[in-house]
Structure formats: C-alpha cells, structure tokens
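Chains as they are written, first to last, in the working numbering: chain A, 1 to 118; chain B, 1 to 114.
Heads up, some of the hints might be wrong.
[Claimed, not checked] Derived list of chain B stretches under chain A, where covered just means 3 residues or more per stretch with a C-beta under 8 Å from a C-beta of chain A: (1) 43 to 53; (2) 101 to 108.
[To be verified] Only pairs whose alpha carbons sit at most 20 Å apart, straight line, appear in this in silico EDC-like list of lysine to aspartate or glutamate: (3) K67(A) to D85(A); (4) K9(A) to E82(A); (5) K41(A) to D85(A); (6) K71(B) to E95(B); (7) K22(A) to D85(A); (8) K44(A) to E88(B); (9) K69(B) to E20(B); (10) K36(A) to E88(B); (11) K49(B) to E95(B); (12) K9(A) to D85(A); (13) K101(B) to E53(A); (14) K67(A) to D18(A); (15) K52(A) to E24(A); (16) K19(A) to D38(A); (17) K44(A) to E95(B); (18) K9(A) to E24(A); (19) K58(B) to E20(B); (20) K22(A) to D70(A); (21) K101(B) to D30(A); (22) K101(B) to D38(A); (23) K19(A) to D85(A); (24) K41(A) to D85(B); (25) K101(B) to E58(A); (26) K40(A) to E88(B); (27) K71(B) to E20(B); (28) K41(A) to E82(A); (29) K41(A) to E88(B); (30) K41(A) to E58(A); (31) K36(A) to D85(A); (32) K36(A) to E24(A).
[To be verified] Calculated from the model, a selection of chain A residues having no Cβ within reach of chain B, i.e. all distances over 10 Å: (33) L11; (34) V12; (35) T13; (36) K19; (37) K52; (38) L54; (39) I56; (40) E58.
Calculated from the structure, these hints are not laboratory results. Quick reminder that beta carbons are idealized off the backbone N, C-alpha and C, glycines included.
Here are the chains, one letter per residue:
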Amino acid sequence: DTAVSQTPKYLVTQMGNDKSIKCEQNLGHDTMYWYKQDSKKFLKIMFSYNNKELIINETVPNRFSPKSPDKAHLNLHINSLELGDSAVYFCASSQGISRDSNANYGYTFGSGTRLTVV
Amino acid sequence: AQSVSQHNHHVILSEAASLELGCNYSYGGTVNLFWYVQYPGQHLQLLLKYFSGDPLVKGIKGFEAEFIKSKFSFNLRKPSVQWSDTAEYFCAVTEGTGFQKLVFGTGTRLLVSP
Numbered sequence: 001d002t003a004v005s006q007t008p009k010y011l012v013t014q015m016g017n018d019k020s021i022k023c024e025q026n027l028g029h030d031t032m033y034w035y036k037q038d039s040k041k042f043l044k045i046m047f048s049y050n051n052k053e054l055i056i057n058e059t060v061p062n063r064f065s066p067k068s069p070d071k072a073h074l075n076l077h078i079n080s081l082e083l084g085d086s087a088v089y090f091c092a093s094s095q096g097i098s099r100d101s102n103a104n105y106g107y108t109f110g111s112g113t114r115l116t117v118v
Numbered sequence: 001a002q003s004v005s006q007h008n009h010h011v012i013l014s015e016a017a018s019l020e021l022g023c024n025y026s027y028g029g030t031v032n033l034f035w036y037v038q039y040p041g042q043h044l045q046l047l048l049k050y051f052s053g054d055p056l057v058k059g060i061k062g063f064e065a066e067f068i069k070s071k072f073s074f075n076l077r078k079p080s081v082q083w084s085d086t087a088e089y090f091c092a093v094t095e096g097t098g099f100q101k102l103v104f105g106t107g108t109r110l111l112v113s114p
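Excised from the complex, chain B in its bound form:
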C-alpha cells in the first residue's frame, strides 16, 4: 500500500531562516505529489503540486518543491520563512494516472519565531 513519510514532526525556525521539509513516498510507479498547508484553526490549502514535467515546482507564498524520482522524494523548500508561515504542512500523494485517493503524510508542524 502507498505510504508517505515526513521525517520532521516539529521544526522551529527564526524568521528569515531557510526551510526544507522532507517527504518520501513508497510507490514505485507514476505518482502525483502535493504539499498542503494548514494554518491554525483553518482548512487545508494547496501550496503546490507535481504531475509531470519540470521536477522543480513553484507554488504560492514563495514555496517550491523538487521531485527526485530516484530518491522517491518531494521535499518542500522556502529560502526565507516568515512568522506567518507558522502552520502544519502535509505532503500527499496519489498514484497512477487514474483516479486515486490522496494519501497524506503525518504532517510537520512549523513554528517560526519573530
């Protein structure tokens, strides 16, 4: 069965620090990859997604992610975080080219101190 692992459960950074959140998945075939953000008390919002093409994907709010097929990874990055980036970040995957359910990682809680 498909699984998604996020290595960092809690990350604490100061403003302007660089961010990298790890995400690895287990499926060896075609995958669709997503990063979602959940601000405190709010619903999930899509940051970025990868289906095919350029493995470096740019999303909203200055976030980007790189798909490395050989490493089964889709790490999220941001060069300089802000206090407003404090949130829970979820990596998610669907597999194949047909309809599939979203399988989420366990999430990473990011706290950015001013």
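Excised from the complex, chain A in its bound form:
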C-alpha cells in the first residue's frame, strides 16, 4: 500500500487554466504538507495542515489554495496557472507536532506531481 499518494503524477496544462492536485495518506498522520521543487531541485514548503487546520502558509501567491477535508487528505488547487508554476509538487505527512511526543517524528513524502504549464 502506498503511504502517501498523489494524483496525478504528471499534469500538462495551458496558462490560465485551473487545476487541482490531490494527496492522500494512509499512515494515520496528523500533519500534511505541500512542498514545491523547482527546476534547480530546490525544495520549499508551501503549506502545512494539522488536523485540518492550516498552520503554515508560506509566501505563496493566493492563486494557490490548499484544502483539507479530513486529516488524511490535503489537496492543492491552483487558479490561473502561470509558466512559473511549472515544478514538481510533493505532498508529505508526519505524525505529531511535537518533537517531544512519543510519535515517530519523521516525514513521508509522496512521489510527486510534475506540473508543466505551456
């Protein structure tokens, strides 16, 4: 069973379109994230949700809107896509929000969604 699964794996779309990427984790983790990996492989956090509550919102254009219907899902919707949005988007999850908890404090990443805007 895939622990953190993202769909779609590849997404090619035209500028101006609206698209969504879905993420689901079956690990029972409390916290989920979206990371963006640019063409130079640099990874940067975009958003994080803990038990459906937004806890991290980095400096990301408001065309990007995350939604967490429950703690096992974190979807990313992007409006009015631009060329610069082309990247690989990784979903991740982790258990617990405190390093002091007994939970296994580690991140599990999904396999990524390669978004190409043309």
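Got chain A; can you put chain B on it based on the hints?
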C-alpha cells in the same frame, strides 16, 4: 530565518570511493537534522535523522552522518559508494522542540561512475 547550505552542488566519484557531503545550518538553538535522498525520477526518501543523543547517526544503505554542534554541521558519509548511489542528496533541518517546517538545503547531485 533558518537556512541550510550544502557546499557541493555536484560530486562525481568512482565506485568504491569514499563520500562526504557537507551540510551546515544557521540556527543556534535546538535542531533536528535529516538527510534525504532522491533517486532519478523518484520521491524523497529518508536516509537518516538526528534528534538527540549519539552525534554519530547510522542510516540506511551504509550511510552515516555526524552532528558537530560547534560547527553547526551534519555531514553525510559513506565509506564506499556504489553506482546505485547516484542520486540527489538533501540535507534538511527543523528547529526547536515543537512543530516546525522542514527547511532544505539546495541539494548535492552525486554521480557514481562504474
């Protein structure tokens, strides 16, 4: 703000050579340290992590890393690399004891020639 620097952007080694990839971070307080590997076309996988205790951490696939607090470093090592170690390696840090985001270094691309 927390930052992570990886000094080597590209490393080319022959099989059986020893590997050391540098990682330095900027935060002076409590940190949690990670090394991730990304094989071509694949997602990030955790190699090893350090929270506390023995500063020499052993991970999967024969990798290890040493936390040197005085140098703000967490270098990754492997005594003898294999062709299958060709990948991108990322150092990452979270700070403090509460929840924090992972901050990644810029990555080091390792190419191992057979």
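Hints, verified against the model:
With 6 residues having a Cβ less than 8 Å from any Cβ of chain A, the region 43 to 53 of chain B passes the three-residue criterion, so the hint holds. Note: the region 101 to 108 of chain B has 6 residues with beta-carbon separation from chain A under 8 Å; the three-residue rule is met and the coverage holds. For the suggested pair K67(A) and D85(A), the alpha carbons sit about 18 Å apart, so the restraint of at most 20 Å is met. With a C-alpha separation of about 19 Å, the suggested pair K9(A) and E82(A) falls inside the 20 Å cut-off, and the hint holds.
Taking the CA atoms of K41(A) and D85(A), the gap is about 14 Å. The hint holds against a cut of 20 Å. Between K71(B) and E95(B) the alpha-carbon distance is near 16 Å, which keeps this suggested pair within the 20 Å criterion. Straight-line distance between C-alpha atoms of K22(A) and D85(A) comes to about 16 Å, which keeps the hinted pair within the 20 Å bound. Distance hint between K44(A) and E88(B) is fulfilled; the C-alpha atoms sit about 16 Å from each other, no more than 20 Å.
With a C-alpha separation of about 18 Å, the suggested pairing of K69(B) with E20(B) holds against the 20 Å cut-off. Taken as a hint, the K36(A) and E88(B) pair is honoured in the structure, with Cα atoms around 16 Å apart against an allowance of 20 Å. A hinted pair counts as satisfied when its Cα atoms are at most 20 Å apart, and K49(B) with E95(B) qualifies at roughly 13 Å. Proposed proximity of K9(A) and D85(A) is supported: the alpha carbons are some 16 Å apart, at most 20 Å.
Proposed proximity of K101(B) and E53(A) is supported: the alpha carbons are some 15 Å apart, at most 20 Å. The hinted pair formed by K67(A) and D18(A) meets the criterion: a straight-line CA distance of about 15 Å does not exceed 20 Å. Distance restraint check for K52(A) and E24(A): the Cα-Cα separation of roughly 13 Å lies within the 20 Å cut-off, and the hinted pair is therefore satisfied. The straight-line distance between the Cα atoms of K19(A) and D38(A) is roughly 18 Å, inside the 20 Å bound, and the hint therefore holds.
A hinted pair counts as satisfied when its Cα atoms are at most 20 Å apart, and K44(A) with E95(B) qualifies at roughly 16 Å. Distance restraint check for K9(A) and E24(A): the Cα-Cα separation of roughly 13 Å lies within the 20 Å cut-off, and the hinted pair is therefore satisfied. As the CA atoms of K58(B) and E20(B) are separated by approximately 14 Å, the hinted pair is consistent with the 20 Å bound. For the suggested pair K22(A) and D70(A), the alpha carbons sit about 13 Å apart, so the restraint of at most 20 Å is met.
Between K101(B) and D30(A) the alpha-carbon distance is near 14 Å, which keeps this suggested pair within the 20 Å criterion. Between K101(B) and D38(A) the CA atoms are separated by roughly 18 Å; this keeps the pair inside 20 Å, and the hint holds. As the CA atoms of K19(A) and D85(A) are separated by approximately 11 Å, the hinted pair is consistent with the 20 Å bound. Our distance criterion of 20 Å between C-alpha atoms is met by K41(A) and D85(B), whose separation comes to about 18 Å.
As the CA atoms of K101(B) and E58(A) are separated by approximately 10 Å, the hinted pair is consistent with the 20 Å bound. The suggested pairing of K40(A) with E88(B) holds, with an alpha-carbon distance near 11 Å, which does not exceed 20 Å. For the hint pairing K71(B) with E20(B), the CA-to-CA distance comes to about 16 Å; that is within 20 Å, so the pair holds. With a C-alpha separation of about 19 Å, the suggested pair K41(A) and E82(A) falls inside the 20 Å cut-off, and the hint holds.
Annotation: proposed proximity of K41(A) to E88(B) holds, straight-line Cα distance about 9 Å (limit 20 Å). Between K41(A) and E58(A) the alpha-carbon distance is near 18 Å, which keeps this suggested pair within the 20 Å criterion. Of the supplied pair hints, the one linking K36(A) and D85(A) holds, its CA atoms being roughly 9 Å apart against a limit of 20 Å. Between K36(A) and E24(A), the direct Cα distance comes to roughly 17 Å. Compliance with the 20 Å bound is thereby established for this hinted pair.
Annotated as non-interface, L11(A) keeps its C-beta farther than 10 Å from every C-beta of chain B; the closest such distance is 16 Å. Once the 10 Å rule is applied to beta carbons, V12(A) is consistent with being away from chain B; the minimum gap is 17 Å. Every C-beta of chain B lies more than 10 Å from that of T13(A), the closest at about 21 Å, which supports listing it as non-interface. No Cβ of chain B comes within 10 Å of the Cβ of K19(A); the nearest lies about 20 Å off, and the non-interface call holds.
Listed as outside the interface, K52(A) is consistent with that label: its C-beta sits roughly 15 Å from the nearest C-beta of chain B, beyond the 10 Å cut-off. Against the 10 Å criterion, L54(A) stays outside the reach of chain B, whose nearest CB is about 13 Å from its own CB. Look at I56(A): its CB is around 5 Å from the nearest CB on chain B, not clear of 10 Å, so calling it non-interface is violated. The claim that E58(A) lies off the interface is violated: its Cβ sits roughly 8 Å from the closest Cβ of chain B, which falls inside the 10 Å cut-off.
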